[in-house]
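Participant: Fit chain B to the given chain A structure using the hints.
For the record, the sequence lines run as chains A and B. Per the numbering used here, residue 1 is the first one in the first sequence, and the count goes up by one each step. Per the numbering used here, residue 1 is the first one in the second sequence, and the count goes up by one each step.
These are computed hints drawn from the structure, not numbers from a lab. Take the hints with a grain of salt, since some may be wrong.
[Unchecked claim] Calculated cross-link-like contacts (lysine to aspartate or glutamate; reagent style DMTMM-like; alpha-carbon spacing at most 20 Å):
#1 Lys2(A) x Glu93(B)
#2 Lys15(A) x Glu87(B)
#3 Lys15(A) x Glu125(B)
[What the hints assert, rightly or not] Chain A is nowhere near these chain B residues, computed Cβ spacing over 10 Å in every case:
#4 Asp19
#5 Thr57
#6 Asn70
#7 His121
A virtual CB, placed ideally from N, CA and C, is assigned to each residue, including glycine.
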Amino acid sequence: MKDILFTRLLLWKKKRYSMLFWLILPAVGTYLFITTVSTIQDDSKIPIGVVIEDDSILADQLLKSIQNSPLVHAMTLSEEIAISELEKHELDSVFVIHEGYEKAILDGKRNDVISSYRTDLSLAYSPVKEMIVSLVQEESGRSKAAHFIQNMAAKYGSETTWSWDEINKKSKEVQVDENLLNTAFTYSEIELVSEEPSIFTWSTWEIWAILSLLSTLFLTDWVIRERQMSVAIRYSFFKFSQMNLYVKLLLLYLVLFLLFDLLSIGIFVIFMNETISISFLFELVSFRIMLCLLSFSIAQCFRKVGSYYSFTFMLTLILGIISGAVIPIQGIVPEQGIVTLLNPIHAFINGEITILWNVISIVLVILYLVRKETTNIA
Amino acid sequence: MLKIDSVTKNYDKKCVLQDLSFTVRTGEIIGLVGENGAGKSTLLRLLATIDKPSGGTITLHHLSFDKDRNTIRKSIGYVPQDIAIWEELTVKENMQFFERLSFKSKSLNELRNLCVEMNLHKWDEPVKALSGGMKRKLNIAITLIHDPEVLLLDEPTVGIDLKSKKEIGSYLRSQAKEKNRMIIYTSHDMDEIKELCDRVINIGEDKFYQELLQKSGKEIISI
Chain A
1 MKDILFTRLL
11 LWKKKRYSML
21 FWLILPAVGT
31 YLFITTVSTI
41 QDDSKIPIGV
51 VIEDDSILAD
61 QLLKSIQNSP
71 LVHAMTLSEE
81 IAISELEKHE
91 LDSVFVIHEG
101 YEKAILDGKR
111 NDVISSYRTD
121 LSLAYSPVKE
131 MIVSLVQEES
141 GRSKAAHFIQ
151 NMAAKYGSET
161 TWSWDEINKK
171 SKEVQVDENL
181 LNTAFTYSEI
191 ELVSEEPSIF
201 TWSTWEIWAI
211 LSLLSTLFLT
221 DWVIRERQMS
231 VAIRYSFFKF
241 SQMNLYVKLL
251 LLYLVLFLLF
261 DLLSIGIFVI
271 FMNETISISF
281 LFELVSFRIM
291 LCLLSFSIAQ
301 CFRKVGSYYS
311 FTFMLTLILG
321 IISGAVIPIQ
331 GIVPEQGIVT
341 LLNPIHAFIN
351 GEITILWNVI
361 SIVLVILYLV
371 RKETTNIA
Chain B
1 MLKIDSVTKN
11 YDKKCVLQDL
21 SFTVRTGEII
31 GLVGENGAGK
41 STLLRLLATI
51 DKPSGGTITL
61 HHLSFDKDRN
71 TIRKSIGYVP
81 QDIAIWEELT
91 VKENMQFFER
101 LSFKSKSLNE
111 LRNLCVEMNL
121 HKWDEPVKAL
131 SGGMKRKLNI
141 AITLIHDPEV
151 LLLDEPTVGI
161 DLKSKKEIGS
171 YLRSQAKEKN
181 RMIIYTSHDM
191 DEIKELCDRV
201 INIGEDKFYQ
211 ELLQKSGKEI
221 ISI
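Excised from the complex, chain A in its bound form:
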């Protein structure tokens, strides 16, 4: 193995820049893609200003609820700056949470707790206002219920007492459990895909899987290149058999890829707040083994690198689409079926260990190597 490593290092040294590009592409490409998309999504949110005059828990909770909305980008500002920004049309509208907001809500009063500013160009004012009003109503209803429960407990001398926070928390649980309006349409005999309507978001590891597929296929072009080169004739006069040589080369490339996968994990954990579990590491390793073996098998089918690259792009594009990693197609491609079965990256992006395609890839590689070993002719 030391000899194989030495000879590969000699070759890798000469094309270090292109190799490095393809090796770091999955990590860096995913990071850039996700951050760019997040920035674009943030930019497409409606910019609003929130002025907080009431320094209270409820006012803070309302602000957080507004900020958590996927439709608006809420900035807390002073009233003077907010109005100035509104005049410059940097903000769509401004909402002021007045002093005494918490007291008014706790007392069940809902009038004049919030006021707003808008201009003629505040195109999204109405839906944003409705959203904030509904959030205030939600809060006031919840606090009214909390007060009622606390009063009843005091009046009847209940041994159990609940804090406002406990009642508030329970209220939110009930709201989720007994959602008043929950509509889902499905075709008969087809399992419901998702119960929660959500804005489409890109998964870090799905994008990484697609880019890893592309980079692994591209870095496996050495199989075709070396076979086409005149030095290939010398492979028959090496101390290693062809099978031995290729198995060792595959192992070497696998280790190289795994090292850069660790780099990907590091980048995603540090910069993208991804969490990694032990089971995920197994999924990742099984996925990486499959990618190496499958790329090697595919490369064996091509004589020209040009046609191999074209195939590589097409395959990556098709798998990217049918996996739903790039385009939201959930519900169009059935969860279970021939399409998912034929998709080698499906298991990984669904959080499973890649078994089927590892078996297929191993069989393909063994068949090739055994054939090569039995003929043993250049």
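Facilitator: Coordinates of chain B only, in the frame set by chain A:
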């Protein structure tokens, strides 16, 4: 002794070599001549074990090319017509690359001496910057890393200057005489063949080369 006995090679239905028999003794240089397509390169590929004969047997000291191929390969050095080296590596890196994967280990000094013996002094120069003659010399030097007993050269001096040709010729002669290598050599350069080879084998039906070489006093076998 290398013995070729009734060897035939067919590609599909086309017969390229038919009933070929001859022997090569230790320290002997054999020249293979013949028109293009006569089967010289095919014969070298059979002797290099990278192709199999359709009929007949080849043996090296009673070891069969068919049954003991992996053992025989350790004794074979094949210099293909195309220059089989890494263009992007230096001379030193090429020698190191093939030494690491070779049947025999050699020190860096030994590798360098191998090049120096062939008048290849540009040790740290990238191969792509070398002349054709230098590349041809490196092509041969790499083949000699594992000290093969049989050296097969397919037009090793094609397209290079006269000085390099003479240097390669003189080096091959020393290899045959001093290291007792069996050398089989193909070329279209009759002066080179006359100067270098102990015996000449004319492959094919064309007698042009045979007539050309008869005056030189070499032993010419037509097959």
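Participant: Run every hint past the structure and note whether it holds.
Facilitator: Status of each hint after checking the structure:
Distance restraint check for Lys2(A) and Glu93(B): the Cα-Cα separation of roughly 16 Å lies within the 20 Å cut-off, and the hinted pair is therefore satisfied. The straight-line distance between the Cα atoms of Lys15(A) and Glu87(B) is roughly 13 Å, inside the 20 Å bound, and the hint therefore holds. For the hint pairing Lys15(A) with Glu125(B), the CA-to-CA distance comes to about 17 Å; that is within 20 Å, so the pair holds. For Asp19(B), the shortest C-beta to C-beta distance to chain A comes to about 23 Å, beyond the 10 Å cut-off, and the non-interface label holds.
Once the 10 Å rule is applied to beta carbons, Thr57(B) is consistent with being away from chain A; the minimum gap is 17 Å. For Asn70(B), the condition that its CB be more than 10 Å from all CB atoms of chain A is violated, with the nearest at approximately 8 Å. With a least CB separation of 21 Å from chain A, His121(B) remains clear of the 10 Å interface cut-off, as annotated.
Consistency note: the structure conflicts with earlier hint 6 alone.
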